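Q: From first to last, the protein sequence lines are chains U and D. Under my numbering, the first residue of the first sequence carries the number 1, and numbering increases by one thereafter. Under my numbering, the first residue of the second sequence carries the number 473, and numbering increases by one thereafter.
By construction, these hints were calculated from the structure, which means they are not laboratory data. It is possible that some hints are incorrect.
Said to hold, decoys possible - Looking from chain U toward chain D, a few residues come up when the C-beta cut is under 8 Å (computed):
id : residue
1  : Ala308
2  : Phe401
3  : Thr406
4  : Gly407
Stated by the list, open to error - Sample of chain D residues lacking proximity to chain U, with all beta carbon distances greater than 12 Å (derived):
id : residue
5  : Phe480
6  : Asn577
7  : Ser638
8  : Gly662
9  : Tyr681
10 : Lys794
11 : Lys806
12 : Tyr838
All figures in this text were calculated on a predicted structure; none of them were measured in a lab. Built from N, CA and C at the ideal position, the CB exists for glycine as well.
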Amino acid sequence: MTNEERVKKIKEALGNSSDIVVRKLNDKITYLFLESVSSDDKISDFLLKSVTKWEEEKDLFSILQKEIYNSHLEVVEDFNECYYYLASGYTCLFVNQEKKYFVIETKTKLDRGISESTSEPLIRGPKDSFTENHAINLGLIRKRIKDPKLRISEQKIGRRTNSKVALIYIEDIADFKKVKTLEEALTKIDIDGILDTGYLRDFLESNEKSFFPKVISTERPDFCCQSLLNGKIVILVENSPYALILPAILMDFFKTSEDYYQKNASSTFSRILKGIAFLVTIITPALYIALMTFNQEMIPDQLLISLATQRSEVPFPTFMEVIIFVILFEILREADIKSPSASGASMSIVGALILGDAAVTAGIVSPFVVIVVAITSICELVFTDMDFINAIRQWRLLFIFSTIFTGIIGIVSAGLFLIIKLASLEPLNTPYLLPYSPFNLSGMEDSFFLLPSRKRKKRPDYLTQNKRRLKP
Amino acid sequence: MKKVFVFFLLLFLTGCWNYKELNEYAIVTGMAVDYKDNGYEVSFLIANGNKSEESEAKTSLLTGEGDTIYNAIKNISLVSPKELYISHLSVVIFSEEIARRGLLNVLDFLLRDPQSHQNFYLLLAKDTKASDILSILSPLADYPSQNIASNIANSSKLQGKISDASFNLFIEKYLSPGFEPIMNSMIILGDIEKGQTSDSQEKSKQDAYTKLDSLALFHDDKLVGWADQEESIGIDLVLGEIGTLYFNVPCGDQFAVTVSDDYHASYQVKKDSFYIKAEAKGTLREVDCPINLEKEEEMKSLEKVAEKELRKYMVKAITKAKNLEVDIFGIGSKYYQKYPKEFSKIKDWNQFFKDYPIQIEVHFSYTSKGTLEQSLERKTT
Chain U
1 MTNEERVKKI
11 KEALGNSSDI
21 VVRKLNDKIT
31 YLFLESVSSD
41 DKISDFLLKS
51 VTKWEEEKDL
61 FSILQKEIYN
71 SHLEVVEDFN
81 ECYYYLASGY
91 TCLFVNQEKK
101 YFVIETKTKL
111 DRGISESTSE
121 PLIRGPKDSF
131 TENHAINLGL
141 IRKRIKDPKL
151 RISEQKIGRR
161 TNSKVALIYI
171 EDIADFKKVK
181 TLEEALTKID
191 IDGILDTGYL
201 RDFLESNEKS
211 FFPKVISTER
221 PDFCCQSLLN
231 GKIVILVENS
241 PYALILPAIL
251 MDFFKTSEDY
261 YQKNASSTFS
271 RILKGIAFLV
281 TIITPALYIA
291 LMTFNQEMIP
301 DQLLISLATQ
311 RSEVPFPTFM
321 EVIIFVILFE
331 ILREADIKSP
341 SASGASMSIV
351 GALILGDAAV
361 TAGIVSPFVV
371 IVVAITSICE
381 LVFTDMDFIN
391 AIRQWRLLFI
401 FSTIFTGIIG
411 IVSAGLFLII
421 KLASLEPLNT
431 PYLLPYSPFN
441 LSGMEDSFFL
451 LPSRKRKKRP
461 DYLTQNKRRL
471 KP
Chain D
473 MKKVFVFFLL
483 LFLTGCWNYK
493 ELNEYAIVTG
503 MAVDYKDNGY
513 EVSFLIANGN
523 KSEESEAKTS
533 LLTGEGDTIY
543 NAIKNISLVS
553 PKELYISHLS
563 VVIFSEEIAR
573 RGLLNVLDFL
583 LRDPQSHQNF
593 YLLLAKDTKA
603 SDILSILSPL
613 ADYPSQNIAS
623 NIANSSKLQG
633 KISDASFNLF
643 IEKYLSPGFE
653 PIMNSMIILG
663 DIEKGQTSDS
673 QEKSKQDAYT
683 KLDSLALFHD
693 DKLVGWADQE
703 ESIGIDLVLG
713 EIGTLYFNVP
723 CGDQFAVTVS
733 DDYHASYQVK
743 KDSFYIKAEA
753 KGTLREVDCP
763 INLEKEEEMK
773 SLEKVAEKEL
783 RKYMVKAITK
793 AKNLEVDIFG
803 IGSKYYQKYP
813 KEFSKIKDWN
823 QFFKDYPIQI
833 EVHFSYTSKG
843 TLEQSLERKT
853 T
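Chain U with its partners taken away, still in its complex shape (with noise of 0.2 Å):
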């Protein structure tokens, strides 16, 4: 194929797009890259200086080989292949009537630099977090973990934006089964675009419906590395600042990297508050609920009598109450989150003084539903994990729902149906309660009660046979 071909062929594919930028430097070489994407310096500092010389030699191809001074240079036998280059920051460059071709990395910088975790913000640990360079994330990882053994296979997925997805794992800890069932669950997904690790969780979550999540999600580095140490598996995708774990637990989600940084007394301290909090803010409502208009036997006198002589002035059933006051937060959450932080004052100013304060006085809402709806939500924000808070809320509106016709026997039934659906979660076989039920005691060693770090001997044994994990 000569150049002149190739060039047409290229521009056609791409239908003129404007950021093609074709150069003939002689009659046997022309280069072309995009320059959306490609750095024009790179191209002038480590392309044109080593090919200019070079122009009617014999043996064009193998000289340029190894003359060009770039440490990425690959040589490419399928044209069809150059699209993606191009589309990745590559310079493709021709040789006349050379059936291969050259592409040289010249990337240029889209990507902001490390920088620390907004979202899972830590005291004490390293503040690094990922970015949307894939090859940042990775890097990020490798530095963390020097073992040889540490395998990161990648693929590419989605037609049109063919995303690299990298998935981690340590080869003599991870369980290999979860590492095949994980690698073909990708191989399998065709799915046009792939632009955040969201896409893929739905793929990787086995069939069982459930709002709990069983991918962790995180921006952290040390996170995903103590858990590669620990035998999981961790997926990262290109431009995606987020990485997946796999196979996660509900105990997972009481964890954070800080736990063993810090001394384990603390640790286990935070884990059982954060257990608290997870009861405390999926029943509290319902609770409000049924003691409020069911079971108010159960109320201590005197605060039944506060209670009552609150409620007095109020038009709305309760349940109307509390779920006007807990949809009322979640949209003002949800405001707070998207809004530019510019607007925040005013926006806590409406929030805490107009709902709280006033709609108590004008007697829309009792006191106590202030103070419901904000034990709710502050036990809320106690957990990081998105998805995590998402499914929490789901359940609080389920035992709101079935609190409302039949009181403490709704929060009974529905505690029922959450433990029933939790113990039936089996993501990737690991069974979603461990290590409570079934019982391990292996795992029972970095539960809510966290053993120091020298007296933890041994990585659980549901994520892998490579139990040693102090020499004795």
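Chain D: place on chain U using the hints.
A: What follows is chain D alone, placed relative to chain U:
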């Protein structure tokens, strides 16, 4: 989708059974039963009245009459705009007349009513209408029944002469063979009319206030007599239900006030006699006489006097019970547990109890003399 539909269908099928908003209830915290024209006059103390300033609850007293308790209550609900809710009843007060005629009807209602939680205090109004006691406002508690209930709860712990006589306990004693119930009583001091207004509550010296008085003795459900202060102490001593007891130990012509906070009574049942062994430890709280506390012998002799004193209370109580022929100490039920066959042969336990000898042995010792090692009057030594 089908499952979700079925789930919601299930919820709606319940029809919100038992659903009731809190503001539809009138919360009854106190109940008073008086006798009137061959029928009952029942008064309910409603705790959640109108919301006053500072969102404090205002109480109100509603009264209804009827020939049965239930009728009387139904008549109250004609007055009340809200449904009467008696789950949070904390005290039930009877007038003396009702108690003399028998409490069975009231007790049956309280036990049978599904709303009743059966964990409240029973109280007898002495020399006054039962409903008057409910209407006396106290500045120390938000509403009268709470005042009364906490008064009984605290006093039964801190005073020897008040019994922790809850409804459950009364029924339990009523139902068990060879056990007669007792009940606390309450009197009103001062001007009743003025004490019912909230003005009285704001004064530093109230116009009227309620005070716990001596114990009432029952035969089955009927009031048969009153115990005086010392007998009341004796009853609680024999029952072994004393937490803290204050008593005066004679010492010269004055007293050495002693507090016993470690009291234990053990019993021994024999066919022909009953044996009580009481052990108490105490401390000195007030010494008015010139006794030499540092001398072992004088303390020993003081202990002996204290033993005698405690014994005196118990003997008084037993004599009273024997005279009235009511076994308020549950000696019969202990006898029944040990000798069920012999017990069934006894026709009338209370008759048998009258002539059943009871022996008492008291051991008392001082554990400390308080923070003062010596009596103040002996400053010279």
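Q: Evaluate each hint against the coordinates.
A: Consistency of the hints with the structure:
1. Ala308: holds, 4 Å
2. Phe401: holds, 7 Å
3. Thr406: holds, 5 Å
4. Gly407: This hint holds: U:Gly407 lies near chain D, its Cβ roughly 6 Å from the closest one there, short of 8 Å.
5. Phe480: With a cut-off of 12 Å, D:Phe480 comes too close to chain U, as the shortest Cβ separation is near 8 Å.
6. Asn577: Per Cβ check, D:Asn577 is outside 12 Å of chain U; nearest 24 Å; holds.
7. Ser638: It holds; D:Ser638 is separated from chain U by about 15 Å at its closest Cβ, greater than 12 Å.
8. Gly662: holds, 26 Å
9. Tyr681: The claim stands: D:Tyr681 keeps its Cβ more than 12 Å from every Cβ of chain U (closest is about 21 Å).
10. Lys794: holds, 40 Å
11. Lys806: holds, 35 Å
12. Tyr838: Non-interface label stands for D:Tyr838: nearest chain U Cβ at 40 Å, farther than 12 Å.
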